[in-house]
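Please take these sequences and the hints and turn them into a complete structure.
Order-wise, the sequence lines are chains A and B. So the first sequence is numbered by my numbering: it starts at 67 and just counts up by one. So the second sequence is numbered by my numbering: it starts at 150 and just counts up by one.
In case anyone wonders, no lab produced these hints; they're calculated from the structure. Misleading hints may appear alongside valid ones.
Some but not every residue of chain B turned toward chain A, in silico, with C-beta under 10 Å [what the hints assert, rightly or not]: (1) Asn217; (2) Ala223; (3) Met228; (4) Leu238.
These stretches of chain A come out as covered by chain B in the derived footprint (C-beta under 8 Å, 3 or more residues) [claimed, not checked]: (5) 170-176; (6) 365-378.
Note that the structure is a prediction, hence the values are computed from the model and not measured. Cβ atoms here follow ideal geometry from the backbone N, Cα and C, with glycine treated the same way.
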Amino acid sequence: MSVTRRFLQGLDNPIVVKEGVSRMRTWRAPVVATLYLSLIGAVGYAWLNVDIGVTQQSIGAVSASAIGSHAFAAMAFFQLTLISLFAPALAAGAVSGERERQTLDVLLVSRVSAFGIIWGKLVASMAYTLLLILTALPLFAAVFLFGGIDPSQFFVSQLITVATAIGLGAISIFWSTLFKRSLAATVMSYASAFGLMVGTAVLSTMLMATQFTAGRGTLIATTGAQTPGLPALWYLNPFFSLYEVLFPQGYAWPTLRTFLQLLIFGPGAGGYTPIGGPVVEPWHATVVAEGLVAVACTIASVWLLRGRRTRPRRRVEPVAQEPA
Amino acid sequence: MIAVDHLQKSFGRQVALEDVSFAVPKGEVFGFVGPNGAGKTTTIRILATLSAPDGGDATVGGVPVSENPAEVRALIGYMPDFFGVYDRLTSGEYLEFYAACHGVPRRRRARVAQELLELVDLTDRRDVAVDTLSRGMKQRLGLARALVHDPQVLLLDEPASGLDPRARVEMKELIRELRRMGKTILISSHILPELEQLCTWVGFIDGGKMAAAGPMEEVRDRVTTGRRLRIELAQPSEEETERVAALLRDHPGVLAVRPLPDHLEVAVNDEVEDEQLLSALVEKKVRVRSFSQIAGDLSEAFMRLTEDHRGS
Ligand SMILES: Nc1ncnc2c1ncn2[C@@H]1O[C@H](COP(=O)(O)OP(=O)(O)OP(=O)(O)O)[C@@H](O)[C@H]1O
Ligand SMILES: [Mg+2]
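Below you can see the structure in the form of structure tokens.
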């Protein structure tokens, strides 16, 4: 079976359909979407105006591309913040909510697999977040027209946002499966989101500070240019990646092998000897890390949910499994 | 069709099932009767593959529940004692959703939903949000939900709880209809009269143990030909009553013992000779004030004996 067919079949999951229908039926869905778009639009608009005013005063001339890139960045950062606030809210009640509503058992005696339930919940909660990101694209496109941002920056900035949304959604679903109560799951989901968005930044700044005072603020020298000896943790921070994508500082990023060294041993004294191979930019690390987190959380959630059903003790004969 | 053999289950130190065995042949309606906390829900959840037993075996349609849960799930329709509904879904969508979960092909889902709504008499509520239905309607919808994949076996955990007399009658009528459709039905309740006319087989559970199980007529005969005794103690202190109750329970032929503030009620089978029982008690230094026989019918006998006697 082709990959696309499998993927489409994965979307044809009763839970996705049900959640979609009932979510779109609330007044909240359109209200939140409208609010979301107007907020992002407002940030972009405000930034454009302020920027134009400031540049006119200082230089007397307006550089459309500088203004465009600033407004684009402001909107992208704001969107990333909003998404990290929405994703946990949408996913944290996924499984614990079923338990609280006493509908989980009935779902568990049906033919839907534990994976089907978790996958359905993930897709259903992500669909709405992705819809928000999608509807905001025209706004980004409008600012993009000012120039200053190239198409790859446009694309990667959206990719970072989507990856963050998926990672946080999967983490929230994991908490939702682990905890009986949606409240606990929500608290932990927001704690995780905070850890990812803010915690990684604070920790890596602290790490860097200690390294500098220890006289180990040595830089990773790769191709002539100097890359700050950033703790690998920085690379996982979506804000940092987004910043580096929108305002590249011209650093030479470490190669994959150097990055792994950095990840495992931390920045060493005396820098690193350049080792060849593909270069790891922060956004690569962020997107891959979010993907790994999503996969790990999904596997863990499925495993937790399976424990709530009787599992086959001995293998008798292969049981016809439902299509995933 | 359903067979449960020496089932055991504990939750931590709390023993929920000590020794539960019964069998339900195909096409029968099995009344699973016992007081609150007797272990009915625990047994049904094991049969529904939602909980694994600590010991013993359970099979549905010959399929062992713990070996092949997926196959068992395809055979059973389960209606929990408490269940919720989703808000913002209509009754029709609700049933179609579960039909999809049970792998009913897309083109047949709407028809299945329609047929089931007809069966449970909710056709006029098809497009009404499920969370606005009355308790009785939700209960009927829950039963319809258990039927979306046309299972051969139905496990209904107190389907009539919280219903008014009229709704109870309707529920019973519905279950009779399902029996006519050839389903094997296990239905739990803590009141026997509720099930007496409905069930063809019956099992009494109390404190995690089966008190009796078998075809209705047989159990009725056994219990009504068996007798109930009333034993009054000379010094009815609490410890003494408990001690005597324990002694009686160990005596062969004693089916159940119910300690009451001023006397004990004992159900015995025909093998028990009154003099033997009495002298066994006297031997253990029990001072008996009076020893007499009480008359009664099936439901009275068993309900009084399995009524909540665990004040202790
Ligand atoms: N999840 C659980 N954790 C701990 N104890 C439990 C659990 N489920 C059931 N029990 C205990 O097992 C015993 C049997 O409970 P069960 O729910 O099976 O009784 P029941 O016959 O269904 O009672 P009711 O008529 O009230 O529904 C009770 O003592 C109960 O406290
Ligand atoms: Mg119960």
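Status of each hint after checking the structure:
With 10 Å as the threshold, the beta carbon of Asn217 of chain B comes within range of chain A, its nearest partner Cβ sitting at about 6 Å, so the hint holds. Nearest Cβ of chain A to the Cβ of Ala223 of chain B: about 7 Å, under the 10 Å cut. The hint holds. A hinted interface residue such as Met228 of chain B counts as satisfied when its beta carbon comes closer than 10 Å to some beta carbon of chain A; here the least separation is about 8 Å, so the hint holds. With a least beta-carbon distance of about 6 Å to chain A, the hint placing Leu238 of chain B at the interface is held under the 10 Å criterion.
Proximity of the segment 170-176 of chain A to chain B, defined as three or more residues with a beta carbon under 8 Å from a beta carbon of that chain, is established by the 6 residues found. Requiring three or more residues with a Cβ within less than 8 Å of a Cβ of chain B, the coverage given for the segment 365-378 of chain A holds, as 5 such residues are present.
The earlier numbered hints are all upheld by this structure, with none contradicted.
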